[in-house]
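Protein chains: 2
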Amino acid sequence: MRVVVPYAASEPKTRLADVLSPDERSAFADAMLADVRDAVRATGREPEVLATAPVDADAPVTVDDRALTDAVNAVLADAASANEAVAVVMADLALATPDALSRLFETDADLAIAPGRGGGTNALVVRHPEFRVDYHGTSFLDHLEIARSVGAEVEVVDSHRLATDVDERADLTEVLIHADGASFEWLQSAGFALASDESRVGVVRE
Amino acid sequence: MRVVVPYAASEPKTRLADVLSPDERSAFADAMLADVRDAVRATGREPEVLATAPVDADAPVTVDDRALTDAVNAVLADAASANEAVAVVMADLALATPDALSRLFETDADLAIAPGRGGGTNALVVRHPEFRVDYHGTSFLDHLEIARSVGAEVEVVDSHRLATDVDERADLTEVLIHADGASFEWLQSAGFALASDESRVGVVRE
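Quick note, the sequences are listed as chains A and B, same order.
Mapping to the working numbering: the first sequence position 38 is 38, numbers consecutive.
Mapping to the working numbering: the second sequence position 72 is 72, numbers consecutive.
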């Protein structure tokens, strides 16, 4: 099984602009990519980075500057002709662990899918030659529908770790609570810490 | 094993005040409680409601008007003296399924815990006589620390469904995407539907 990690190399994580400068967003995105790469490796598999531009990633990098959906579908088409399974794991899953990824990787389903909070698709494994992705909009529901249309059996993987893509300030809270890798360390060294108010725990930057 | 579902009977779900009237919040909280009750029953266990005031709940109801922590700790003390395990499952887990709850219920750990998004504790199973809860603040981390202090072995249950307590408008999105019970139907009949913008999917009320 191939494990592909798509990575937006230029101007990543724009929705963190309220708390991080452009250079910081790049550094934090790199740290998250490193965590995802390490978690994939700890499952015994070798990640491939699918980047929009050349990156220094300590893993094989394929550059494809097309939109995410087109770039991933090119990989799926290649793999289908080689009769090979493909996992696609987003690069901002800073909470991903080998256990959580193994639950995704080790099903027998034609499509194993880990929804992201808000209706996205954070990770999936494709074992059906006709399945293609469409990351626009509520992609989790769209992917269920696409699977139905090609007759692919689906298993949904229920994981908070895989559901947590780190896009916004509130997501940093999850990294500080549940992660301990490069992303966690980057946030700590940048001065982020947990802060409680009456209702829910958030982050402060010191 | 006892399965206790704490329920705040008066003025529930105040953080949904921007989208629901007080009566609507009560009705929606009732629907979520019914979904949690049904999911617990489908695991083969009988839920008990631990309410702050009398409620009509189609399950045994114990009324305890103390704060959540004190009311739950009274249950834990009772159960410890009877050498009985206790599960505590929050009443606003509208995405809970029998599968997700079974993963929590069926560990051998002294403490099985399902973190909520934002550092809360959405569900736990206590099999250690000295463990007590403290729901204030980042209760997930506090509960890990309390477990350590009494020598209780911990298993963390990684579930998006159990991590999703429905407190805020954004959480309604998760109900519309992943649930199909009374809460989902209540939201639909109240006019809520999924709506996409460029970044993440949210809800609109029609």
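For the record, the hints were derived by calculation from the structure and aren't laboratory data.
This structure is a prediction, so every number in the text was calculated from the model and none was measured.
Every residue, glycine too, gets a C-beta built ideally from N, C-alpha and C.
Check the hints yourself; a few may be wrong.
[Unchecked claim] Over 12 angstroms on every C-beta distance to chain A, these chain B residues come out as not near it, computed from the model:
#1 Val55
#2 Asn122
#3 Thr173
#4 Ala195
[Stated by the list, open to error] Here are the in silico distance ranges between beta carbons for each label pair:
#5 B/Asp38 / A/Arg41: 52 to 58 angstroms
#6 B/Ser196 / A/Gly44: 33 to 39 angstroms
#7 B/Ala53 / A/Gly202: 37 to 43 angstroms
[What the hints assert, rightly or not] One-sided excerpt, in silico: chain B residues whose CB lies under 7 angstroms from chain A:
#8 Lys13
#9 Thr14
#10 Thr52
#11 Ala100
#12 Gly119
#13 Glu155
#14 His160
#15 Ala163
#16 Ile177
#17 Ala193
Hints, one by one, checked against the model:
Non-interface call for B/Val55 relative to chain A: holds, since the shortest CB-CB distance, roughly 23 angstroms, exceeds 12 angstroms. Residue-level check failed: B/Asn122 sits 10 angstroms from the nearest beta carbon of chain A, not beyond 12 angstroms. Once the 12 angstroms rule is applied to beta carbons, B/Thr173 is inconsistent with being away from chain A; the minimum gap is 6 angstroms. B/Ala195, annotated as away from the interface, has a beta carbon of chain A within 12 angstroms; the closest lies near 10 angstroms.
At about 41 angstroms, the CB distance of B/Asp38 to A/Arg41 disagrees with the hint of 52 to 58 angstroms. At about 37 angstroms, the CB distance of B/Ser196 to A/Gly44 agrees with the hint of 33 to 39 angstroms. At roughly 31 angstroms, the beta-carbon separation of B/Ala53 and A/Gly202 lies outside the given 37 to 43 angstroms, and the hint is violated. Hint status for B/Lys13 relative to chain A: violated, with the closest Cβ pair at about 12 angstroms, above 7 angstroms.
Against a cut-off of 7 angstroms between C-beta atoms, the interface hint on B/Thr14 is violated, since the closest Cβ of chain A lies about 9 angstroms away. At a threshold of 7 angstroms, the smallest CB-CB gap from B/Thr52 to chain A is about 18 angstroms, leaving the interface hint violated. At a threshold of 7 angstroms, the smallest CB-CB gap from B/Ala100 to chain A is about 6 angstroms, leaving the interface hint in force. Because the beta carbon of B/Gly119 sits about 4 angstroms from the nearest beta carbon in chain A, less than 7 angstroms, this interface hint is met.
With a cut of 7 angstroms, the hint placing B/Glu155 at the interface with chain A is violated, because the nearest CB-to-CB distance is about 11 angstroms. Given the 7 angstroms rule on beta carbons, the hint for B/His160 holds: about 4 angstroms separates it from the nearest Cβ of chain A. Taken as an interface hint, B/Ala163 checks out: its beta carbon lies about 4 angstroms from the nearest beta carbon of chain A, inside 7 angstroms. Taking 7 angstroms as the C-beta cut-off, the interface hint given for B/Ile177 holds, the closest approach to chain A being about 5 angstroms.
At its closest, the beta carbon of B/Ala193 sits 11 angstroms from a beta carbon of chain A; the interface hint therefore is violated under the 7 angstroms criterion.
Hints 2, 3, 4, 5, 7, 8, 9, 10, 13 and 17, counting from the list given before, are not met by this structure.
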